[in-house]
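There are 2 protein chains.
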Amino acid sequence: MKPLKLHWRVVLVRPRNPLNIGAAARALANFGLAEMTVVAPYEPTWEEARTAAVSAETVLAEARSVPTLTEAIGDATLVIGTTTGSRRNLGRNLLSLPELAAWLRQRKSRGRAALLFGSEKTGLGNEDMSHCHALVRIPTTSGCPSMNLGQAVAVCTYELARAGIISARPPRIEVHNSEPAGHQALDHIFERAVSILEVSGYFQPKSRAAMLLKLRRSLLDLNLTCNDVRVLGGVLSQVEWKLGNGVRVTGHGMR
Amino acid sequence: MKPLKLHWRVVLVRPRNPLNIGAAARALANFGLAEMTVVAPYEPTWEEARTAAVSAETVLAEARSVPTLTEAIGDATLVIGTTTGSRRNLGRNLLSLPELAAWLRQRKSRGRAALLFGSEKTGLGNEDMSHCHALVRIPTTSGCPSMNLGQAVAVCTYELARAGIISARPPRIEVHNSEPAGHQALDHIFERAVSILEVSGYFQPKSRAAMLLKLRRSLLDLNLTCNDVRVLGGVLSQVEWKLGNGVRVTGHGMR
Numbered sequence: 060m061k062p063l064k065l066h067w068r069v070v071l072v073r074p075r076n077p078l079n080i081g082a083a084a085r086a087l088a089n090f091g092l093a094e095m096t097v098v099a100p101y102e103p104t105w106e107e108a109r110t111a112a113v114s115a116e117t118v119l120a121e122a123r124s125v126p127t128l129t130e131a132i133g134d135a136t137l138v139i140g141t142t143t144g145s146r147r148n149l150g151r152n153l154l155s156l157p158e159l160a161a162w163l164r165q166r167k168s169r170g171r172a173a174l175l176f177g178s179e180k181t182g183l184g185n186e187d188m189s190h191c192h193a194l195v196r197i198p199t200t201s202g203c204p205s206m207n208l209g210q211a212v213a214v215c216t217y218e219l220a221r222a223g224i225i226s227a228r229p230p231r232i233e234v235h236n237s238e239p240a241g242h243q244a245l246d247h248i249f250e251r252a253v254s255i256l257e258v259s260g261y262f263q264p265k266s267r268a269a270m271l272l273k274l275r276r277s278l279l280d281l282n283l284t285c286n287d288v289r290v291l292g293g294v295l296s297q298v299e300w301k302l303g304n305g306v307r308v309t310g311h312g313m314r
Numbered sequence: 060m061k062p063l064k065l066h067w068r069v070v071l072v073r074p075r076n077p078l079n080i081g082a083a084a085r086a087l088a089n090f091g092l093a094e095m096t097v098v099a100p101y102e103p104t105w106e107e108a109r110t111a112a113v114s115a116e117t118v119l120a121e122a123r124s125v126p127t128l129t130e131a132i133g134d135a136t137l138v139i140g141t142t143t144g145s146r147r148n149l150g151r152n153l154l155s156l157p158e159l160a161a162w163l164r165q166r167k168s169r170g171r172a173a174l175l176f177g178s179e180k181t182g183l184g185n186e187d188m189s190h191c192h193a194l195v196r197i198p199t200t201s202g203c204p205s206m207n208l209g210q211a212v213a214v215c216t217y218e219l220a221r222a223g224i225i226s227a228r229p230p231r232i233e234v235h236n237s238e239p240a241g242h243q244a245l246d247h248i249f250e251r252a253v254s255i256l257e258v259s260g261y262f263q264p265k266s267r268a269a270m271l272l273k274l275r276r277s278l279l280d281l282n283l284t285c286n287d288v289r290v291l292g293g294v295l296s297q298v299e300w301k302l303g304n305g306v307r308v309t310g311h312g313m314r
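For the protein sequence lines, the chains are A and B, in the order given.
First residue of the first sequence? That's 60 in my numbering, and the numbers climb one at a time after it.
First residue of the second sequence? That's 60 in my numbering, and the numbers climb one at a time after it.
No lab work stands behind these hints: they were computed from the structure.
Please note that a few of the clues may not be correct.
A few chain A positions that, by computed beta-carbon distances, are all more than 12 Å from chain B [what the hints assert, rightly or not]:
1. T104
2. A112
3. E130
4. S201
5. M206
Output of the computed footprint for chain A on chain B, the stretches with three or more beta carbons under 8 Å from beta carbons of chain A [said to hold, decoys possible]:
6. 110-116
7. 264-274
8. 285-294
With beta-carbon atoms standing in for the labels, derived distance ranges [what the hints assert, rightly or not]:
9. K180(A) x T200(B): 40 to 46 Å
10. N185(A) x A120(B): 45 to 51 Å
11. T200(B) x R166(A): 46 to 52 Å
12. E257(A) x A120(B): 42 to 48 Å
13. A161(B) x N152(A): 27 to 33 Å
14. T200(B) x N152(A): 56 to 62 Å
15. R166(A) x R166(B): 34 to 40 Å
16. S201(B) x S277(A): 42 to 48 Å
17. E116(B) x N185(A): 27 to 33 Å
18. T117(B) x T284(A): 40 to 46 Å
Note that the structure is predicted; figures quoted are calculated from it, not measured.
Quick reminder that beta carbons are idealized off the backbone N, C-alpha and C, glycines included.
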């Protein structure tokens with residue numbers, strides 16, 4: 060069997076300590092990853108991050124800082140979140156880190172993947188997790204489950220390297236009809252669908268937030284191809300036209 | 060086959076940054092290890108270490124600080140050193156970290172083991188490595204081989220946990236004749252043998268240091284039992300008696 064390789068991007072969501080950003084960059088460089096994106100860092104002091112990024116200057120210099128998780132995930136077709144497993148898992152697969160490679164092989168994943176790490180204090184939130192196809196848990200003890208962010212990134216990137224599922228070269232951007240749809244295309248479809256449901260009076264104020272998370276998970280689970288998204292876009296256009304001006308694509312999201 | 064379990068002690072040799080000591084303690088707690096020993100820390104400011112040892116207060120509080128590596132290794136019967144692999148390996152087995160568990164199983168290791176980490180700047184020295192039965196290398200890239208100390212401890216302890224070779228309970232101290240000799244007993248034998256060779260004019264000034272390392276490695280490779288050490292002690296006593304007062308056990312070591 061041809062070994063599965065993915066081009067990984069590590070995404071740090073709202074990290075608080077610049078030293079951890081630097082330490083994460085160093086772990087990426089140690090294990091042959093190059094892409095790091097930071098979402099809304101609490102203290103965006105890259106100077107301090109640099110002191111912890113020994114020999115990882117390139118990774119840090121090329122790291123992107125973006126305001127939203129959707130932008131960070133970008134064109135990845137697979138999103139994996141990390142968690143200590145103490146929160147509800149929102150109906151996502153919860154894998155132990157050593158099981159991740161086998162799960163990906165079974166799923167025949169390929170192309171670009173994003174690996175998300177939450178902030179030091181709270182980890183990934185429910186909304187962050189609703190973007191994930193699966194969650195992985197580093198098998199820490201129940202007595203001390205929570206890891207330091209830089210150490211968690213090191214352990215996860217070590218595991219990707221150990222399991223041999225890192226592709227150093229970015230994949231050609233495939234837009235063939237049968238390829239999995241990228242996250243941004245899916246997100247756009249989702250926002251449009253939410254707008255239509257909004258206008259149609261589908262949401263109840265009390266359950267709206269939970270319903271949005273559930274709908275996003277359901278959309279992810281469909282594993283839509285580029286062609287599916289194109290067809291779905293046409294369907295949505297027609298409904299938007301019928302509903303008229305009430306439908307606005309922006310402003311409803313959970314971003 | 061009964062799975063192999065070892066009671067591990069992590070030994071930090073001359074660490075410079077107290078935050079790394081704290082981070083190491085946290086990694087131990089994360090993966091179910093309890094024993095940490097620090098050899099001659101450069102800046103023994105435990106207060107600062109504490110800030111990095113989130114939820115690992117017990118590990119840090121029970122950590123020992125000792126002046127020599129021999130004291131740190133203590134009664135361990137197996138010693139594994141970590142290295143980036145850039146130095147000469149002194150004739151030791153050099154294993155990739157993911158191969159360690161299989162190597163230990165093949166060797167049927169059991170009881171107490173020590174896992175050594177060198178200082179942030181220089182790693183383990185040749186003298187430190189001469190105490191090791193094998194060296195492990197975390198499979199980092201050639202472009203950025205050197206890991207942060209706290210992250211390296213996290214990756215290694217994760218691997219021990221993943222491979223299922225951690226025994227949480229310390230073993231009964233076995234002094235049966237057929238059990239492997241502890242490091243301190245071996246070290247004592249070694250120091251006595253060196254004294255005898257010294258008095259006998261065995262060493263040349265130029266090659267003395269290299270010869271000491273070589274002899275220590277040869278002694279380790281014999282995998283002596285407690286009984287062997289007892290017999291060897293008798294032999295050495297006889298030679299010491301014959302050579303008379305010139306033989307002093309202390310003062311010749313490489314400690």
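Quick rundown of the hints versus the structure:
With a least beta-carbon separation of about 17 Å from chain B, T104(A) lies farther than 12 Å from that chain, consistent with its non-interface assignment. Residue placement check: A112(A) does not keep its beta carbon more than 12 Å from all beta carbons of chain B (closest about 10 Å). Every beta carbon of chain B lies more than 12 Å from that of E130(A), the smallest distance being close to 27 Å; the non-interface claim holds. With a least CB separation of 10 Å from chain B, S201(A) falls inside the 12 Å interface cut-off, contrary to its annotation.
Listed as a non-interface residue, M206(A) fails to keep its Cβ farther than 12 Å from every Cβ of chain B; the least gap is roughly 5 Å. With a cut-off of 8 Å between beta carbons, the segment 110-116 of chain B has 4 residues touching chain A; three or more are needed, and the interface restraint holds. Remark: the segment 264-274 of chain B is not confirmed as covered by chain A, as 0 of its residues place a Cβ nearer than 8 Å to a Cβ of that chain, below the required three. With 0 residues bearing a CB less than 8 Å from a CB of chain A, the segment 285-294 of chain B misses the requirement of three and the coverage assertion fails.
At about 31 Å, the CB distance of K180(A) to T200(B) disagrees with the hint of 40 to 46 Å. About 36 Å separates the C-beta atoms of N185(A) and A120(B), a value inconsistent with the hinted range of 45 to 51 Å. Checking the proposed 46 to 52 Å range against T200(B) and R166(A) shows it is violated: the Cβ atoms sit about 27 Å from each other. At about 55 Å, the beta-carbon gap between E257(A) and A120(B) misses the expected band of 42 to 48 Å.
For A161(B) and N152(A), the hinted distance range of 27 to 33 Å is satisfied, since their beta carbons lie about 29 Å from each other. Range check, T200(B) to N152(A): Cβ separation about 30 Å, and the 56 to 62 Å hint is violated. The hinted range of 34 to 40 Å is satisfied by R166(A) and R166(B), whose Cβ atoms lie roughly 37 Å apart. At about 45 Å, the beta-carbon gap between S201(B) and S277(A) stays in the expected band of 42 to 48 Å.
Here the CB-CB span from E116(B) to N185(A) is close to 30 Å, well matched to the stated 27 to 33 Å. Under the hint 40 to 46 Å, the C-beta atoms of T117(B) and T284(A), about 52 Å apart, miss the expected range.
The structure does not agree with the numbered hints 2, 4, 5, 7, 8, 9, 10, 11, 12, 14 and 18 stated previously, though it agrees with the rest.
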